[in-house]
Every structure is written in C-alpha cells, then in structure tokens.
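Trainee: Listed below, chain by chain, are the residues.
Number of protein chains: 2
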Amino acid sequence: MTVQSPIAVLGGGSFGTALANLVAENGLPVRLWMRDPQQAETIRRERENPRYLKGIKVHAAVEATSDLQGAIQGCELILVALPSSALRQALAPIAPQLEGRFLVSTTKGIEAHSFMLMSEILAEIVPRARIGIISGPNLAREIAEHQLTATVVASEDEEVCRRVQAALHGRTFRVYASADRLGVELAGALKNVYAIIAGMAAALAMGENTRSMLITRALAEMTRFAVQRGANPITYLGLAGVGDLIVTCSSEKSRNYRVGHALGRGQTLDEAVAQIGETAEGVNTLRVLKEKADELGVYMPLVNGLYAILFEGRSLGQVIEALMGGEPKTDVDVADALFT
Amino acid sequence: MTVQSPIAVLGGGSFGTALANLVAENGLPVRLWMRDPQQAETIRRERENPRYLKGIKVHAAVEATSDLQGAIQGCELILVALPSSALRQALAPIAPQLEGRFLVSTTKGIEAHSFMLMSEILAEIVPRARIGIISGPNLAREIAEHQLTATVVASEDEEVCRRVQAALHGRTFRVYASADRLGVELAGALKNVYAIIAGMAAALAMGENTRSMLITRALAEMTRFAVQRGANPITYLGLAGVGDLIVTCSSEKSRNYRVGHALGRGQTLDEAVAQIGETAEGVNTLRVLKEKADELGVYMPLVNGLYAILFEGRSLGQVIEALMGGEPKTDVDVADALFT
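First to last, the protein sequences are chains A and B.
The first sequence begins at 1 in full-length UniProt numbering and counts up one residue at a time.
The second sequence begins at 1 in full-length UniProt numbering and counts up one residue at a time.
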C-alpha cells in the first residue's frame with residue numbers, strides 16, 4: 001500500500017467544510033485551512049463550524065488549521081474554496097509552492113476588471129499547476145447532511161478529474177467528470193444573475209409557469225453566451241448547467257435570490273444590499289456580463305432587462321412588458337445559437 | 001375585414017376552459033364543447049366551470065355547448081383538449097367532417113398497445129387534417145389567472161403554427177412555434193413518469209440537490225429516448241422539454257406527483273391509485289415506455305428503477321443504491337447520445 005498524501009481544503013466556509021467532511025469520510029487525511037485562528041480552534045474543540053455550518057459534526061479526521069504553509073505541506077491535491085474576492089490575495093504569497101500540484105477551484109465568480117474566472121486566476125498565479133474546477137447543483141448544507149448529490153469536476157487534464165473523484169466520490173456524493181472546464185465554470189458564475197430574477201419573480205407572486213419560462217429562457221441565453229466564448233453547449237444540458245440553475249433559482253437562502261426578492265418588493269438596489277448586509281455575487285456578475293455580452297453581440301434579454309431595472313431606472317413593469325411583447329416567435333433561438 | 005371563422009375547443013376540463021378564455025380575450029369567437037349537457041348549462045348560466053376551474057370567470061364570449069356537430073360547424077381551427085382515454089372514441093363519429101381542418105392536440109399521453117401519441121391518433125383517424133400540437137410548462141389554472149406563460153405549438157405545417165399563434169398569443173400567453181412535433185409531443189408524454197419520481201423524492205424529504213440531480217438525469221434520458229425516435233435534441237433545451245419537466249416536477253397537485261408521494265410514504269401502487277381515485281397517466285406511460293426503451297436499447301436508468309419499484313417488487317432503497325452506486329463516470333452520456 002502506498003501512503004496517501006493529505007488533501008488540503010482552503011477556506012472554512014460552508015462548502016469547504018462540507019468537502020473536508022467528504023474527504024475524511026472516504027478515509028483520506030484532510031486539512032481544512034481558514035484565516036481565522038479562533039474559528040480553527042472552535043472546530044478543533046467543538047467538532048463543529050457554528051458560523052457557517054451549524055449543527056453539522058465536523059469529522060474527527062478533519063484537521064482544522066489557520067497555518068497556510070502547514071496546511072499545504074505535502075499535499076498533492078488542493079481544493080480552493082475561498083471567496084472570489086479573497087482568492088487572488090490569499091494564494092499569491094504561497095504561489096511558488098503550489099507549482100506542479102493539483103489545484104481545484106470550487107469558487108463561482110468572475111473578476112470584474114479582467115472577466116477572469118477563478119480557475120483562470122489560479123492558472124495565472126500558478127502557471128505550472130494542474131488546474132480543475134468543481135461545480136454543480138450543490139447546496140453545502142445538503143451535502144453535509146448526506147442528501148444524495150451529484151457534482152461535476154471539469155478539467156482538460158484527466159488526471160485532475162481522477163484525483164478529485166478519488167477524494168470526493170462516495171455513497172451520497174457522486175462526481176462526474178467533464179473536459180469542458182470553461183463551460184462548467186461559466187455556468188456556475190452566470191447562474192447567479194438568474195437567481196436574482198427568480199427572487200424577483202417570487203416576490204411578485206409569479207407562478208410555476210412563469211418560473212419555468214424564466215429558467216428555460218435563462219438557460220438559453222447562458223448557453224448562447226458560453227458557446228460564443230468557446231464552451232460546449234451540451235454542458236448546459238447537464239448537472240453544472242441546467243442542474244445548478246434549477247437549484248439556484250429554487251433556493252430561497254442565497255444572497256442573490258434575496259436581493260431579487262427585495263427588488264421585487266419595490267426596494268432599490270442600495271436598499272436591498274444594505275438590508276442583506278453585503279453585495280450579492282450576481283450583482284457584480286451582471287455588470288461585467290452585460291458589458292461583455294454587448295461587446296460580443298450576444299442576445300441576452302434577461303440580462304439586459306435586469307440591468308435596465310438595476311442601473312437604468314426602468315421599472316419592473318416596463319421590462320416585463322418588453323420581454324412579453326412583440327410578435328410571436330419560433331422556439332429555435334437556442335438552436336440558432338448552437339448550430340450556426 | 002374578413003369574417004373570422006369561430007374556433008372550437010373540444011373538452012371542458014381545466015385546460016380546455018383556460019384555452020377558450022384566451023381565444024375569447026383575443027376577441028375571436030369560440031365554442032367550448034363538453035360531453036356533459038349539465039356542465040355546459042352550468043357554464044352558460046354561471047360563467048364558471050366549478051368542477052375543473054373553480055373561481056375563474058369564463059369569458060362572456062365563450063359559447064359552452066354539448067352539441068359536438070354544432071361546435072365544429074364552420075370552424076377552421078379545432079383545439080382538442082380531450083382526455084387521452086376519450087380522444088379516439090369521441091372524434092371517430094365526426095372524423096369525416098374534420099378533414100382539411102386545422103386539428104391541434106393539447107393532450108399528453110401515449111396509447112398503450114400502439115405507442116401512438118395523440119397527434120398520431122388524430123392523423124390516423126383524420127388523414128387529411130392539418131395536424132399540430134401544443135405543449136409546454138402550462139398549468140391550466142395559472143394560465144387562467146393570467147400568470148405570464150409561454151407554450152410551444154409544434155407542426156411541420158407552418159400554417160398550423162401561425163393559426164394557433166393568431167388564436168392564442170396574447171399579453172400574458174406567449175406562443176412559440178417549433179417544427180419538431182415528435183420531439184415536443186414526446187416530451188409532454190414522457191415527463192409524467194418523472195413527476196412520479198419527483199413525488200417520491202419529496203416524500204422521502206430529499207433536498208434541492210437531489211431534486212435537481214433527478215431532473216437533470218431525467219432530461220438526459222428523455223432526450224436520449226426522443227433522439228432515438230427521431231426528435232431534435234435541442235427541443236429538450238426549450239420550453240416543451242426542460243421547461244415542462246421543471247413545472248411537472250415542482251407541481252404538487254398533479255396525479256403523477258401524488259402517486260409518487262404515496263409510494264414514497266411506503267404505499268403500494270394499488271393503494272396509491274386507490275387513494276387518488278384514478279390511474280395517473282405516468283403509470284401507463286411508464287409501462288409502455290419501459291417496453292419500448294428495452295426494444296430500442298435506450299439506456300433509461302430512472303425509468304428502469306421506477307419500473308422495478310412499481311412492478312418488480314424492488315424496494316426504493318435498493319433502487320437508489322443501484323442508481324448512486326458504481327464507479328465514477330463522466331458527464332457526457334447526454335452528449336454521447338446526441339452526437340454519435
């Protein structure tokens with residue numbers, strides 16, 4: 001038997017903690033790094049992460065630490081579950097030590113000025129790392145509660161996919177592999193915009209027909225955008241595409257959904273964000289996505305409509321009228337985008 | 001101005017009534033036929049269909065009747081909203097009079113012995129009719145309440161699509177056209193099977209991750225089956241595919257969902273059907289679909305799993321174990337099915 005090198009999970013939020021538990025349950029050594037020594041101490045002492053995953057037992061084999069150097073020592077596989085705003089800064093100091101290792105981002109977001117995805121940032125700061133990402137319909141709490149869950153690991157490097165499957169695949173957590181890193185990662189970032197719209201629709205007491213129409217149209221325009229960037233359209237029929245979109249547009253707890261709900265109740269964006277206490281990722285994504293879609297000439301009516309409400313002073317009523325108006329159309333705009 | 005010929009809606013259930021209201025709201029003459037003279041009289045007198053659409057006003061211009069000959073007299077466009085079990089029998093006597101007209105089915109189902117879809121039955125009994133269908137994420141009550149809704153009219157005959165759009169498209173009801181009649185109609189029939197599974201998952205208190213995984217996998221196997229039969233895979237990215245599947249798997253009121261819920265609580269199929277009072281369409285579809293999938297060699301693990309529970313005495317636990325077990329896989333089985 002070979003000795004298994006430990007696996008590091010960077011980031012002590014709900015998702016990082018849930019992933020560390022999965023690794024430990026698979027009988028593999030795992031270190032969970034977080035910046036805050038107090039939080040690490042709490043997890044060591046109480047075997048719980050009360051701030052982010054209250055009520056869930058942290059597996060005895062998960063080694064919580066605030067020592068980043070120590071955490072990555074000897075690890076071949078490192079799962080990066082840091083907030084998008086912290087990722088670049090947190091990893092820059094240890095970048096040279098990460099060269100050659102398997103670096104897998106679980107973070108969803110787009111960097112504003114560069115339009116870079118998280119794995120692209122990893123590749124930039126650690127050029128010789130072997131990069132992958134995880135994305136899918138994955139609410140952290142449900143993973144931690146052993147609800148049956150499936151995710152996608154995506155990398156053009158097959159060995160990255162195999163390593164992640166070996167670390168995380170288990171009885172209640174199923175890991176599918178994909179070679180379409182760009183498509184899977186873009187899906188995870190873009191869907192946050194549509195969670196805002198789902199929240200608005202709920203606040204307006206829109207029904208299942210409307211919700212389903214919105215999700216379907218969201219899927220179409222996400223796919224159009226991603227295909228234009230070079231993604232595989234079929235990714236959007238899968239777990240990381242439509243699967244994650246359904247969860248995101250159904251989960252009332254996400255900040256994006258709650259911002260949308262507040263907007264639907266008539267609040268301004270400033271009021272909504274003030275009430276929720278921090279900016280929702282989807283609002284940032286909306287700005288950069290709108291700009292990029294305009295630049296690329298991709299037709300994204302839902303993005304344009306939400307942008308008009310948030311930043312151009314249009315009313316919800318005006319935007320809905322515009323979306324529902326116009327002449328009858330064919331249902332082939334997706335097909336047009338995919339196969340022309 | 002030309003005189004607009006009246007439009008007939010056959011079937012006084014919730015969907016037929018909602019459609020008749022849409023036509024009337026568009027200012028067009030419309031007749032709503034139902035077998036039961038009492039029911040027609042109630043609608044004429046009370047302007048409501050209390051049995052199927054309680055609380056919704058039936059538009060003053062909707063002419064309710066139990067006279068089938070009179071209902072279709074002079075109508076170029078006839079919308080057929082009859083139950084799948086009654087369609088063939090109800091139309092056979094007037095088949096010769098239907099020749100040459102626009103006949104559009106709104107009914108979802110598969111005839112057991114023949115594996116024929118409703119529009120195929122129409123085409124068989126009225127060979128020279130111009131055939132189309134309507135399908136999509138369309139809960140009748142929500143349409144009637146003017147919740148924003150989109151549907152798909154599908155026909156290889158473009159004029160059929162135009163006629164339906166002219167009759168039904170309006171401020172809150174959007175009608176998209178598709179040439180893929182087979183794909184759209186199969187989607188509407190197949191999804192009933194997955195509504196049973198969604199009901200089971202809910203009874204077992206499965207979370208959003210699981211629900212989303214099930215819907216995504218359902219979409220993949222529906223698409224595989226339909227493509228094998230000759231449908232366009234892209235239809236399944238649209239309203240009639242994933243859109244309808246989401247609504248069906250979210251709507252707790254459908255008989256299919258309720259049968260699944262009862263099964264998930266540990267009842268037998270007989271007990272579940274006895275409690276709900278009539279057979280759910282999805283149970284019939286499951287039988288014929290399983291047989292056809294085996295015959296065609298299409299891989300449908302969810303269909304096989306549900307069939308094993310309902311008809312082969314397997315427990316839910318065994319089936320879930322089998323579905324979640326096995327080695328890690330790639331997420332490309334959809335792609336394989338679509339592009340090989």
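Simulated from the structure, these hints should not be mistaken for laboratory data.
For glycine and all other residues, C-beta sits at the position ideal for the given N, C-alpha and C.
Keep in mind that the hints are not guaranteed to be accurate.
Derived, one-sided and incomplete: chain B residues facing chain A with beta-carbon distance under 10 Å [as the list claims (entries may be wrong)]:
#, residue
1, 52
2, 56
3, 150
4, 322
If the Cβ cut is set under 8 Å, some of the chain B residues that face chain A in the computed set are [claimed, not checked]:
#, residue
5, 68
6, 72
7, 73
8, 97
9, 125
10, 127
11, 128
12, 171
13, 215
14, 216
15, 220
16, 237
17, 238
18, 247
19, 310
20, 324
Trainee: Can we keep the residue 237 (chain B) interface hint, with Cβ of chain A closer than 8 Å?
Mentor: At 5 Å from the nearest chain A Cβ, residue 237 (chain B) passes the 8 Å test, so the hint holds.
Trainee: Can you verify the interface hint for residue 72 (chain B): is its Cβ closer than 8 Å to any Cβ in chain A?
Mentor: Check failed: Cβ of residue 72 (chain B) comes no nearer than 25 Å to chain A, outside 8 Å.
Trainee: Double-check residue 238 (chain B) for me: the hint is only fine if its C-beta lies closer than 8 Å to a C-beta in chain A.
Mentor: 5 Å, holds
Trainee: Would you settle whether the hint for residue 127 (chain B) is holds or violated, based on the nearest Cβ-Cβ distance to chain A being less than 8 Å?
Mentor: Nearest chain A Cβ about 27 Å off; hint violated.
Trainee: Could you check if residue 171 (chain B) really has its C-beta closer than 8 Å to a C-beta on chain A?
Mentor: 7 Å, holds
Trainee: A closest beta-carbon separation below 8 Å is what the hint needs, so does residue 68 (chain B) meet it against chain A?
Mentor: 30 Å, violated
Trainee: Would the hint on residue 310 (chain B) stand, with a C-beta cut-off of 8 Å toward chain A?
Mentor: At about 20 Å, which exceeds the 8 Å cut-off, the nearest Cβ of chain A leaves the hint on residue 310 (chain B) violated.
Trainee: Tell me if residue 150 (chain B) is really an interface residue toward chain A, meaning its C-beta lies closer than 10 Å to one of theirs.
Mentor: 4 Å, holds
Trainee: Should the interface hint for residue 215 (chain B) be scored as holding, given a Cβ-Cβ cut-off of 8 Å against chain A?
Mentor: Holds, about 6 Å.
Trainee: Min Cβ distance, residue 324 (chain B) to chain A: is it shorter than 8 Å?
Mentor: Result: holds, 6 Å to nearest chain A Cβ.
Trainee: Under 10 Å is the threshold here; is the Cβ of residue 56 (chain B) close enough to any Cβ of chain A for the hint to stand?
Mentor: 14 Å, violated
Trainee: Taking the closest Cβ pair, is residue 322 (chain B) under 10 Å from chain A?
Mentor: 12 Å, violated
The structure does not agree with the numbered hints 1, 2, 4, 5, 6, 7, 8, 9, 10, 11 and 19 stated previously, though it agrees with the rest.
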